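Enquirer: Given next are the chains, with one letter for each unit.
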Amino acid sequence: MWLDKYCDFDTVIHNWEPRVKIIGLMTLIFTFAFISTLKLIPFIVVISLSVYLLSGLPFSFLFSRLRIPGFFLIIMLVLLVFISKGTVLFKLGPLAVKEEGLLSSLLIGGRFLSILTLIIVLFGTSSFTENIKAMRSLGLPVIFADMMTFTYRYFFEISKDLSNMSHSMSLRGFKPMNYKELPTLASMTGTIFVRSFDQSERVFSAMTIRGYGQVMTFRNNTKIYPRDIALLLIALAFSLALIITQLYLKN
Amino acid sequence: MHVPDGILPGSVVIAGYAVTGMAAYISLKNINKKENPREDIPKASILTAAFLVASLIHVPIPPVSVHLALNGIMGVLLGYYAFPAIIISLFFQAVLFGHGGLTTLGINSVILGLPAFISFFIYNNSKSFVKGNRFRLGLVGFVVGGLALGLSVLIFFLILVNFIPANIDVVAEKQAIYTLSIAHIPLVIIEGIFTAFLFIYLKKVQPRLMGLDEKVSN
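Residue numbers (my numbering), protein chains in the order written: chain A, -17 to 233; chain B, 4 to 221.
A few of these clues could be false.
[What the hints assert, rightly or not] Derived pair list, reagent style DSS-like, types lysine-lysine, alpha-carbon separation capped at 30 angstroms:
| no. | chain 1 | residue 1 | chain 2 | residue 2 |
| --- | --- | --- | --- | --- |
| 1 | B | Lys134 | A | Lys232 |
| 2 | B | Lys177 | A | Lys67 |
| 3 | B | Lys177 | A | Lys162 |
| 4 | A | Lys157 | B | Lys207 |
| 5 | A | Lys162 | B | Lys207 |
[Stated by the list, open to error] So these bits of chain B aren't anywhere near chain A, every CB distance computed over 10 angstroms:
| no. | residue |
| --- | --- |
| 6 | Ile29 |
| 7 | Ser48 |
| 8 | Thr106 |
| 9 | Phe120 |
| 10 | Phe124 |
| 11 | Lys134 |
| 12 | Phe138 |
| 13 | Leu142 |
| 14 | Asn165 |
| 15 | Tyr181 |
| 16 | Ser184 |
| 17 | Ala186 |
| 18 | Ile188 |
Simulated from the structure, these hints should not be mistaken for lab results. Predicted, not measured: the structure shown is a model, and the values here were computed from it. Backbone N, C-alpha and C fix where the C-beta goes; we use that ideal spot for every residue, glycine too.
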């Protein structure tokens, strides 16, 4: 589940300064979201897969991340093929496969694959702390930065608590088989909230003693090198080229 | 209830970020009015992590099992921190589990966050109605939990059916919204009942968490 388990590789994408990487890859991600011409889909898929290859992340990591959202998307895309209005390509029993639906499905599927691939590269090639620091330097409000750090820190701990509680309950014979178990499940959820609340009070006291909440200036000390800017310019050039091509194709 | 990346056109994605930005600004403005705005951050963050974990609990509704949205209770427990908490939860769900997406983070925050805001206001205004009565507290919990999910379902399908880049038949579109909304009614009821039990449990065990201190009569 860890996002950054491959963040210590030594590749051009891993060595890209996190602030510049966020700007470059997020520009590409949002450009991909704006692509509405099917002819450009192969290009964005190739761009994202090339970035993924450059990052050196294993493909098993990409497939494991695609599994859950891909399942939901495939159901939706299959539905689109049948419920869209337009030319009937062929019939599958009572269902008609529509050309427009098929094209829309390819457009959505291609965009989804390209965007998700870049997101995995963005968060898989820098440590979570580096990314939060970079986002903070780029103007993320302090409340968001702090909340993100704490949430990430405690998510895995609370997950372990839930797993222990579920295990203990099943050892005592609890098997959630139907809706009659709702009160027990609500109590289990409530216990997680109560424990977390009590823990948050202890954490806040401990942090206050160590100076949390005092006014402090935030400085990001990582250096930006010419190669970081060069990679950013390449990403911006691809985004611009895609936007201009889309405008040209639409006219 | 998460819109994945790549489904919605760019203009809708930007509109989602605009509405989310505005709601986040209102939340931060109210949080910053406090004497020490960072005081509640550990509580809000750890509870956000707890919500993230709790949303992984499977509730059995034979023959399937479902995950709960919990946005109603998030609004009640976190108040003005609920909207930032929902943005952060959705961010982690997108990058950790692949639920939702980064480009659709704005629109997903609107889907879950605005009903959470409404739940917060309903709960705050119903404290005089509850008056320490356990049944009334459960009733408010049912309304808050069910309404939040119901509104989220409605916004989700309206966005999906109206803005998906496909030439969907108008009649099919109306039927889809109607059918999918009806199909979610059992989930809305389950979420309401679950929230009612959760309210009663929290009031009994840790009333401070719900901003209440008085004892509840049986």
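Enquirer: Evaluate each hint against the coordinates.
Expert: Against the structure, the hints come out as follows:
Proximity of lysine 134 of chain B to lysine 232 of chain A is assessed by CA-CA distance (about 62 angstroms); at most 30 angstroms being required, the pair is judged violated. A distance of roughly 14 angstroms separates the Cα atoms of lysine 177 of chain B and lysine 67 of chain A; the hinted pair therefore holds under the 30 angstroms criterion. A threshold of 30 angstroms between alpha carbons decides the hint, and for lysine 177 of chain B with lysine 162 of chain A the separation of about 34 angstroms lies outside it, so the pair is violated. The hinted pair formed by lysine 157 of chain A and lysine 207 of chain B meets the criterion: a straight-line CA distance of about 25 angstroms does not exceed 30 angstroms.
About 21 angstroms separates the Cα atoms of lysine 162 of chain A and lysine 207 of chain B, which keeps this hinted pair within 30 angstroms; it holds. Chain A leaves isoleucine 29 of chain B outside its interface by the beta-carbon criterion, the shortest separation being 13 angstroms against a cut-off of 10 angstroms. Chain A draws serine 48 of chain B into its interface by the beta-carbon criterion, the shortest separation being 3 angstroms against a cut-off of 10 angstroms. The non-interface label for threonine 106 of chain B is inconsistent with chain A: the shortest C-beta to C-beta separation is roughly 4 angstroms, within 10 angstroms.
With a closest Cβ-Cβ approach of about 17 angstroms to chain A, phenylalanine 120 of chain B is found to remain outside the 10 angstroms limit, as its non-interface label requires. No beta-carbon of chain A comes within 10 angstroms of the beta-carbon of phenylalanine 124 of chain B; the shortest separation is about 21 angstroms. Distance check for lysine 134 of chain B against chain A: the nearest CB is about 22 angstroms away, which clears 10 angstroms, and the non-interface claim stands. At roughly 15 angstroms from the closest C-beta of chain A, the C-beta of phenylalanine 138 of chain B stays outside 10 angstroms, upholding its exclusion from the interface.
Distance check on leucine 142 of chain B: its Cβ is at least 15 angstroms (rounded) from any Cβ of chain A, clearing the 10 angstroms threshold; non-interface status holds. At roughly 14 angstroms from the closest C-beta of chain A, the C-beta of asparagine 165 of chain B stays outside 10 angstroms, upholding its exclusion from the interface. Consistency note on tyrosine 181 of chain B: stated as away from chain A, and its beta-carbon is indeed over 10 angstroms from all of that chain's, at 14 angstroms minimum. Distance check for serine 184 of chain B against chain A: the nearest CB is about 16 angstroms away, which clears 10 angstroms, and the non-interface claim stands.
Once the 10 angstroms rule is applied to beta carbons, alanine 186 of chain B is consistent with being away from chain A; the minimum gap is 14 angstroms. No beta-carbon of chain A is positioned within 10 angstroms of the beta-carbon of isoleucine 188 of chain B; the least distance is around 14 angstroms.
When each numbered hint is compared with the structure, violations occur for hints 1, 3, 7 and 8.
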